[in-house]
Amino acid sequence: MKNIAILLIAILGFTACNNNDKDELPASMEVNFSFAHSLNGQALELENEAYTLPSGESFTPRKFKYYISNITFANSTNNSSYKVEDGYFLIDQAGKTSFSVEVPTAAYDQLTFYVGIDKSRNHSTDQVGDLDPNNDMVWNWNTGYKFLVLEGEWEYQSSERQGLIVHIGNNDPESEQNFKAISFDLEDAGKSLGSSATANLSFEAELSELFINPNTLNIHELESTSIMGGDLAIQIANNYQEGLFSLK
Amino acid sequence: MKSQRLHKYILFLGIGILTSCLDNVSPNEETGPEYFTPVLSSTLGQNDFPQLERNPMSKEGVLLGKTLFYDPALSQNGKVSCASCHDPSMSFTDGLGLSNQGVSGKPLHRHAPPLFNLAWHKGLFWDGGSVNLESLVFGPLTHPDEMGADLNEVLHYLRGSSTYPALFKAAFKSDSITSALVGRSLAQFTRNLISQDSKYDQWKRNEIELDDPEIQGYQVYQKNCSSCHSEGLFTDLSYHNNGLDASYPNPAELEGIYLGRYRISFEEKDRGAYKTPSLRNIALTAPYMHDGRFNTLDEVLDHYDHGVQVNESLAPQLTDGIQLSEKERSDLLAFLNTLTDYEFIHNKAYQQ
Chain A
1 MKNIAILLIA ILGFTACNNN DKDELPASME VNFSFAHSLN GQALELENEA
51 YTLPSGESFT PRKFKYYISN ITFANSTNNS SYKVEDGYFL IDQAGKTSFS
101 VEVPTAAYDQ LTFYVGIDKS RNHSTDQVGD LDPNNDMVWN WNTGYKFLVL
151 EGEWEYQSSE RQGLIVHIGN NDPESEQNFK AISFDLEDAG KSLGSSATAN
201 LSFEAELSEL FINPNTLNIH ELESTSIMGG DLAIQIANNY QEGLFSLK
Chain B
1 MKSQRLHKYI LFLGIGILTS CLDNVSPNEE TGPEYFTPVL SSTLGQNDFP
51 QLERNPMSKE GVLLGKTLFY DPALSQNGKV SCASCHDPSM SFTDGLGLSN
101 QGVSGKPLHR HAPPLFNLAW HKGLFWDGGS VNLESLVFGP LTHPDEMGAD
151 LNEVLHYLRG SSTYPALFKA AFKSDSITSA LVGRSLAQFT RNLISQDSKY
201 DQWKRNEIEL DDPEIQGYQV YQKNCSSCHS EGLFTDLSYH NNGLDASYPN
251 PAELEGIYLG RYRISFEEKD RGAYKTPSLR NIALTAPYMH DGRFNTLDEV
301 LDHYDHGVQV NESLAPQLTD GIQLSEKERS DLLAFLNTLT DYEFIHNKAY
351 QQ
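Residue numbers (full-length UniProt numbering), protein chains in the order written: chain A, 1 to 248; chain B, 1 to 352.
There's no promise every hint is true.
Stated by the list, open to error - Listed below are the simulated DSBU-like cross-link pairs for lysine-lysine, each with C-alpha atoms no more than 30 Å apart in a straight line:
no.	chain 1	residue 1	chain 2	residue 2
1	B	K269	B	K327
2	A	K63	A	K180
3	B	K173	B	K348
4	A	K119	A	K96
5	A	K63	B	K199
6	A	K119	B	K79
7	A	K119	B	K269
8	B	K122	B	K327
9	B	K204	A	K119
10	B	K122	B	K269
11	A	K63	A	K119
12	B	K122	B	K59
13	B	K173	B	K223
14	B	K199	B	K173
15	B	K269	A	K180
16	B	K348	B	K79
17	A	K180	B	K79
18	B	K348	B	K59
Claimed, not checked - Pairwise CB distance ranges (calculated):
no.	chain 1	residue 1	chain 2	residue 2	range
19	A	A94	B	E343	49 to 55 Å
20	A	L247	B	E267	37 to 43 Å
21	B	S176	A	A94	23 to 29 Å
22	B	W120	A	A27	46 to 52 Å
23	A	S98	B	S176	21 to 27 Å
The hints are simulated quantities; they were obtained by calculation from the structure and are not laboratory data.
Virtual Cβ for every residue (Gly too), placed ideally from N, Cα, C.
One chain only, chain A, in its complex shape:
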């Protein structure tokens, strides 16, 4: 009888110790994402006229916004991963440029997010939160979301000022065209997760990258600078997948 009591006390003691260990980190961590935007190396300010596009045009940005979604954290050692369900976040130069997600506490060294909206949510716009159609990100003549919007005015060698309208979405409901995965090696960036209850991930988006690498778009040579689909939109989407974002 006595032995059993001692055993029980011992077990309780161990359990308590274990609990104490776990208490150091809560069951879930908060990961804060923030996005800063620049153009040709200068911090982006809307309505500011000081910018130059890669093909030499002077450019005044008026709008820059995009969706980040389908965020997945992964551990490349044990192949485990965690996907943020129902996570659709609108980043707007004129509004919110950060958000937070809750992730079960574990070690993660890889991160993937998408620019745009997946097929299961892109074919209707009667939705809420950041997908609410009152966010000026739905087409009024098409169904679905603009994944990324850049608007402004450009001029080249004293030409007339013209509008630049870049609305990238999906023109093919059967595919997930222009919905692009972007991956980061958190370990390489010295940002591996799992050792603290909060983590901050700061990203920078350099807008020049929309027009170069791998596809070069010479704005002043385009037949139309209203890009809302088709081949040019696909080229820009391939560009934003390649080098738009960097983790600082």
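Model the placement of chain B on the given structure of chain A, informed by the hints.
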């Protein structure tokens, strides 16, 4: 004993009255919305009535949608409702080629389509750009030359109204009014607009007879028109270039409006292609074509007779046009008139 019973009766009666008063304020709060599926005429040629799982039709949802449909307060200037361009007496179109009745007074670039039998349309708008009614409604609601609404202001108006919160609660069991629910209720109302009681339908159901010109016109229709205007819905719900123009300008600010279905699909065959409009209620829906360029059905038939512009995306059925004799033409027009559905345009359930 007798007076006690009487008191009980009065008490019951009182409760009954109270309950019915409460019912008026918020119908079916206990039981939830009354879901339904419309009864279909066999003459539509459809086996079922497609609905969206996330937005099943209910009597309360349709009522809310109808209230919104006829409410000009949703628009930027408080003067334009959905019904301004979708008038029930013209099977929910407006009789104008390119309307300038929106909040900006600027003419639109497409003709307001009639609204009926929409449940079966896989693509909406003339070019099929929208794929469900729930999402489509935000187009005309917010377009600066149509209703020009700011959705945040619409929600502010609806939340502060003395009637809407109860209507939303009855339709969706929800205390919160969102853009999504505005879209869903308008979708329920418009999906419920079903035209299936024309003279043609009654004839097909063996309820009445057609006269000789009408029957001969039906044969002219079958031979010359039915490959695109398929019997039943009287549209194949597909997109064709019917030879209106040889080439299509593409000014940047108009976002490819003249390219037809091409601006949605980016397929060469869709240049200048538009959705086949239904022939149902055609006598009510002049002017004709996506831009309302033809004022009469005679002008339309003249186009098919000798006006077809040939280019690479032209519908192959129209390469040689459609030539009809004078008698064939007058018979065809007689038949087309049997497609007018007076039950539909006078249906009080669809009106304010």
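Quiz item: Does the Cβ pair B/W120, A/A27 satisfy 46 to 52 Å?
Solution: With Cβ atoms ~50 Å apart, the hint holds.
Quiz item: Is it true that B/S176 and A/A94 lie within 23 to 29 Å of each other by Cβ?
Solution: holds (26 Å)
Quiz prompt | Given hint B/K199 paired with A/K63 - CA-CA distance at most 30 Å | solution = Roughly 54 Å separates the two Cα atoms, so the pair is violated.
Quiz prompt | Distance restraint between A/K119 and A/K96, which requires alpha-carbon spacing of 30 Å or less | solution = Status holds; Cα separation ~24 Å.
Practice problem: Compare the distance between the alpha carbons of A/K119 and B/K269 with 30 Å, and conclude whether the hinted pair is satisfied. | Solution: Distance of about 25 Å is within 30 Å: holds.
Quiz item: Is B/K204 close enough to A/K119, meaning Cα to Cα at most 30 Å?
Solution: With a Cα-Cα distance of about 42 Å, the restraint between B/K204 and A/K119 is violated, given a limit of 30 Å.
Quiz item: Does the alpha-carbon distance linking B/K269 and B/K327 stay inside the 30 Å limit?
Solution: violated (34 Å)
Quiz item: Hey, B/K269 versus A/K180, does the alpha-carbon distance stay inside 30 Å?
Solution: The given pair, whose Cα atoms are some 28 Å apart, holds under the 30 Å limit.
Exercise. Verify the proposed pairing of A/K63 with A/K119, using a straight-line Cα cut of 30 Å.
Key: holds (25 Å)
Quiz item: Given the proposed pairing of B/K122 with B/K59, does the C-alpha separation stay at or below 30 Å?
Solution: holds (24 Å)
Practice problem: Would you check the hint for B/K173 and B/K223, treating anything up to 30 Å between C-alpha atoms as holding? | Solution: With a Cα-Cα distance of about 51 Å, the restraint between B/K173 and B/K223 is violated, given a limit of 30 Å.
Quiz prompt | Holds or violated: A/K63 to A/K180, with C-alpha atoms at most 30 Å apart | solution = Holds - the C-alpha atoms of A/K180 and A/K63 are around 21 Å apart, at most 30 Å.
Going through the hint list in order, the structure does not satisfy hints 1, 5, 6, 8, 9, 13, 14, 17.
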